[in-house]
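Build out the structure end to end from the sequences listed, making use of the hints.
Residue numbers (our numbering), protein chains in the order written: chain W, 7 to 243; chain D, 430 to 1050; chain P, 5 to 165.
Calculated directly from the structure, the hints in this document are not laboratory data.
Quick reminder that beta carbons are idealized off the backbone N, C-alpha and C, glycines included.
There's no promise every hint is true.
Claimed, not checked - What follows is a set of in silico ranges between Cβ atoms, one per label pair, in the way DEER data are often shown: (1) D:K614 with P:Q142: 32 to 38 Å; (2) W:E60 with D:K567: 38 to 44 Å; (3) D:T582 with W:W23: 50 to 56 Å; (4) W:F115 with D:F760: 29 to 35 Å.
To be verified - To list a few chain P residues with every Cβ distance to chain D over 10 Å, as calculated: (5) N58; (6) E72; (7) L103; (8) K114; (9) D136.
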Amino acid sequence: MISLKMNRLDVKVEDGWTILEAAKFYGLEIPTLCYNEGLSPYGGCRLCLVEVGEGPRAKLVSSCTYPVEEGLVVRTDTRRVIEARKMMIELMLSLAPNSKVIQDLASKFGVKQVRFKIRNEECILCGLCVRMCSEQMDGRAIGFQNRGYKRKISTPFDIRSEECRLCGGCMYICPACQLRCQGPQADTAVCNACLNMDPTCLDHYDDLQCWMYDAGRCGTCIRESPEKSAEKEQTSK
Amino acid sequence: MKATKKIKTIKDLNQTIQSYIQKRKSEKRPVLTVSAGTCGQARGSLKVIASLKKAISKEKLEDKVKIKVTGCHGFCEAEPNIIIQPQDIFYQKVKPKDTSDIASQTIIKNEIIDRLLFSDPISKKTVLKEDDISFYKKQKRILLGDNALIDPTDINDYLSIGGYSSLTKVLSKMAPEEVIEVMKKSGLRGRGGAGFPTGYKWEFTRKAKDTSKYIICNADEGDPGAYMDRSLLEGNPHRVLEGMIIGAYAVGAEEGYIYVRDEYPLAVKHISLAISQAEKMGLLGKKILGTDFNFRIHISKGAGAFVCGEETALIASVEGRVGEPRQRPPFPAMKGLWKKPTNINNVETLANIPLIVEKGADWFSKIGTKGSKGTKIFSLVGKINNTGLVEVPMGITLKEIIFDIGGGIPGEKEFKAVQTGGPSGGCLPKEKLGLPIDYEGLTEAGSIMGSGGMIVLDENTCMVDVAIYFLNFLRDESCGKCLSCREGTQRMWEIVKDISEGKGKEEDIQLLKELAQTTKDASLCGLGQTAANPVLSTLRYFRDEYMAHVRDKTCPAGVCKELITYLIIPDKCTGCLACIKVCPQEAISGELKKVHVLDQEKCIKCGACFEVCQFDAIKIE
Amino acid sequence: MDIQELKVKSFVTKYNKEKKALISILQNIQEEYNYLPQEALRIVSETLNIPLINIIGVATFYRAFSLEPRGKHLVTVCMGTACHVRGGPKILEEFERKLNIQAGETTKDKQFSLEIVACLGCCAIGPVVVVDGDYYAQTTIRKVGSILKKYMKIKKKNESN
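Shown next as C-alpha cells:
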C-alpha cells in the first residue's frame, strides 16, 4: 500500500494506481474528458490536472496518468488547478462549441466566454476514438497523423480503411462529434433494428460489436451471417 | 590510414597511446591545419584543401609539410581558416587562389601574407596568431580546443593527444561507484538544457535493478541557433565516444545508442567512422581491453522532430515509434528504452567526462560558479561581429561574451537583446548584460541555459516578430498530444500574429499572459512547459514594443510587414535602376538618372529594393 | 510494380524485420523514391506486422518524410533563429515567388521541391540555403534567381544529352 496526502487527507491506496483512481476511490471529484475506464489513460485533454508537491516545486500533472508515490502531496482544487482547467475548457469550446459534453463542462466550471477565434473543428483530438478502435474493437482503422497544430485523426491516406468494420465505436465514444447514429427513425421510435438481426460479431467475439445500432448500414453481419449465406447458397442452387 | 590492430589489454593501449604522443612530439615539419566542419565546407574549405595540396606538390613540399584536415575551430566568421605551426600563424577566409602564395611565401620564404590575417572589428588592427585574437582571449576551451589539433577521422590522432587514457584509468583503477562519486563531486550538470547533475543521474541508473541497461547519447540538437554538439561530433567524435564508454561502465550498460539528427550528415559520418575504428581497436565490443566489460554502440538517426530531444520522446523514437513524450515518473532511469533502465546524456556532457576523469573532480569544480561548474559552449550568432562557437567558464557575464569575445554588433547598430536557450528560452535586454551566466541566473531572469544557443539581436529586430518566430516553430514542433501545448502555442501564435498585423487589442495582452501561464503549467513535457518563455520574456522586457503595435499600430524596428511602408527618398536616389531590376512586382518605375517612383499599391514589401540600394535611398517607415 | 516490392522488402530484411527499425526503413524508402509511396508503406506494414495506421502516424510525424512525390531538386531554406534575424523569411518568400509554390510543395513540372528546415547548425553563415546537398552561404534576395538557374541549367543539359 502507498500512503499519500490528498486534499489534506491521509489516504492509503494500492501500488500502481493513478492519482485519478485514488481520488475516485476516496470520492474526490476530478473532471475528466479523454479518460475512459475501459481504455488506457492518455493524458491529452489536461482536464484532470491536479497539483502535486509543495512549495516552489509544486507542479500540475494529469491525474489520469500520474502514478501514486509514497508521501506524495496532492491537491485537486487549488487556484492554479482551477485556472488551468478553465483555460482548457475555454480552448475546447473554441474548437467544438457545439459539443454538449463540453458545454456542460463550461457551465459546471463557470466558463462564460470564449476569447479565442471559434474554429468549429468539432474534433478536440482527445483520442478516445483512436483508443476505442484499437483497444476495444481490435481495429486499427484510425490514428493520429501529423504533429503540432496540423495534428489530426484520420484513416490511412484519408480514404476508407480496409480495417474499418463500420462498428461505430468511434462515434459512440466521441464527446464532440455530430455523426452519432440516431437510428433509422431516431425522432419517433426506439431503435432496435440491429437487435433483430443475428450479428456475426456475436459469433466471432461473443459480444455485440455494433455501436451504431444501425445494422443496415454496416452490413457485415447480414453479409456474413451463416444462415443468410446458407440461404443464399440455397437460392443460387 | 593504416589498418588498426586490435588492442587486447589496458597496458597495451597505454603503450600505444604513449607511442602516438611521442610521435606527435617528434613531428618537426610545419603543419598546415585546415578547418573543414560543415560551415567550413559550406564556405569552400574542401576546394581550399584540394588547391593547397596542388600548391604544395607544385613546390615539391610534399615531404616537408603536413596538411591536417580538422573539424570546426569555432571561429565560424573566419572560415575557412588555416593555422600554420610551429609559427602559429592564423590565416582566415582563405580562398583556393591564396594557397599558392601560402606555399611559396609562407612555407618557403617564411613571409607573412598580410591580406589573410584577421583584422579586429573594434581595434581594426591585424592579428598574427590565433591566441591573440580577441575572440579567443576570454575563452576557456577545454572541450573545443582539441578540435584544431586532431583529424577527426583518425583514431590514432586522438590517441596522440592522450585520448582514451581516461578509459584505461577507469577500467584499471576505478569501480563504477567511484566513477559516479567523481562525477558527483565535480558538479557536472547536464548540458542539454535542464541541467540535472550527471553523477546523480548515473547513480539512479546504476542502482536500478535489472538484467540489462542502456545508455543513450542525445545528439538531437534541435534548438535553432545551437550547433555545439554538431561541432563536437564532427571535430572530436572519439572524445564523445570515450565519455560514453566510461558512462556505460559507470551505469552498467552493455548497449548504447547515439541518437543524432539526420540534418547533420557530416556528424553522422564522423561518429559512425569513429565507432567502427573503436570497434576494430577493441575499445568497443566484448571483453573490452581484456576486462569483463562489454559495450556496443548503435547509431539511431532522427527524422526531423524537435520534441525528440525530450528524453521520453527520444526513447520512443529509438524504438521506432512516434516521438511523443510520456508521463514521468517512471523516469528513464527506472523504465526507459524497452522498459529497461536507461541513462541519457547530451553530447557536450559526455565530452566533459574524459577530462574530469583525467584531471580530477577538483580541477573541474574550480571552474565556474557555486551551482554551475565547468565551461559551457555557446553558439554566438545573429547580429554579432565574431560569429562562432565560444567556450567560456560558467559565471562569465553576457557582456563579456557579446562585446569582448563577440566583438559587438556589426554596422554600429545598437544592441537590443540576446536570446538564449532556444525556443524554450527567452530574450534578455540590455539591463541584463551584467548577468553572470549560470543555470539559476538565467532561469531567474526569465530565460534558460538550454543547450547554449545565444542569438544576438540588434535595434533592427522586432521583439514581436521574434515571439512570432518561436511560436511558429513551437506550434509545428509540438507533438500535439496535450491540448494545452498544441492549442496553447497555436492560439498564442494567432494572437501575436494579429498584434504584428496591427489587429491587436489591448485586452489581447492580458489573454496572452493568461494563456502563456496555462501552457506552462498544464503541459506534460519540457517543450510545452517552456513554450511560453519567448512570449513571457518579451512581454516582460519589451512591453512597450508590444504596445506600440497594439495602440499606435506601428512597428518601431521596421520589421512587421503590415505596419511598414518602403519609401524612396528623392534626394538620395541616383536613378541607377538597380531597384527596378530586382522588384518582383514591377512596383518601381523610372528612367536612368531620374528619381524612381514606388507604387505602394503594387508593393509587397519584400525588401529586395532595400537590399540592393547602395545609396540608402530607400527607407522603411 | 514487382521491382518496388522486392526493393522495399530488401530494406525491411536489411534490418532483420525488426519493428524498432521502422524509422530507418522509412528513411531508406524516402531516399530511394524521394517520397514514401503508398504501396511501399503497405508492404512495410505487412512484412513488419505493424498496423498501417501506425506507420502513417510515424511517416507524418517526422519532417524528413513526405507522402507526396518530391521534385528532382530539393531546395531547403534554413529557418533557424540566426537565419531568421538575418532575413531568412525574405529568402523563402523569394523562392516561393520564383517557383510559384509554397514551402512544402513541389512545382508542377516536378523539378523543384521547396522545404524549410528548423536549423542546419551553420548559423554563422546565414541565411543558408541548401540545394541537393550544396550549401549556399549568406544568401540574399538577389542570389535566389541565380541559384535556381544553376539547377535549371543542369536540367537542360541532361535533357539535351
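Outcome of the hint check:
For the pair K614 (chain D) and Q142 (chain P), the beta carbons lie near 46 Å from each other, so the given range of 32 to 38 Å is not met. Taking the beta carbon of each, E60 (chain W) and K567 (chain D) are about 42 Å apart, inside 38 to 44 Å as hinted. At about 54 Å, the beta-carbon gap between T582 (chain D) and W23 (chain W) stays in the expected band of 50 to 56 Å. In this structure, F115 (chain W) and F760 (chain D) meet the distance hint of 29 to 35 Å, their C-beta atoms being roughly 33 Å apart.
The Cβ of N58 (chain P) sits about 8 Å from the closest Cβ of chain D, inside the 10 Å cut-off, so the non-interface label is violated. Even its closest Cβ contact with chain D, about 16 Å, leaves E72 (chain P) beyond 10 Å, as expected for a residue assigned away from the interface. For L103 (chain P), the requirement that its beta carbon stay farther than 10 Å from each beta carbon of chain D is met, with the minimum near 12 Å. For K114 (chain P), the requirement that its beta carbon stay farther than 10 Å from each beta carbon of chain D is met, with the minimum near 22 Å.
Non-interface call for D136 (chain P) relative to chain D: holds, since the shortest CB-CB distance, roughly 13 Å, exceeds 10 Å.
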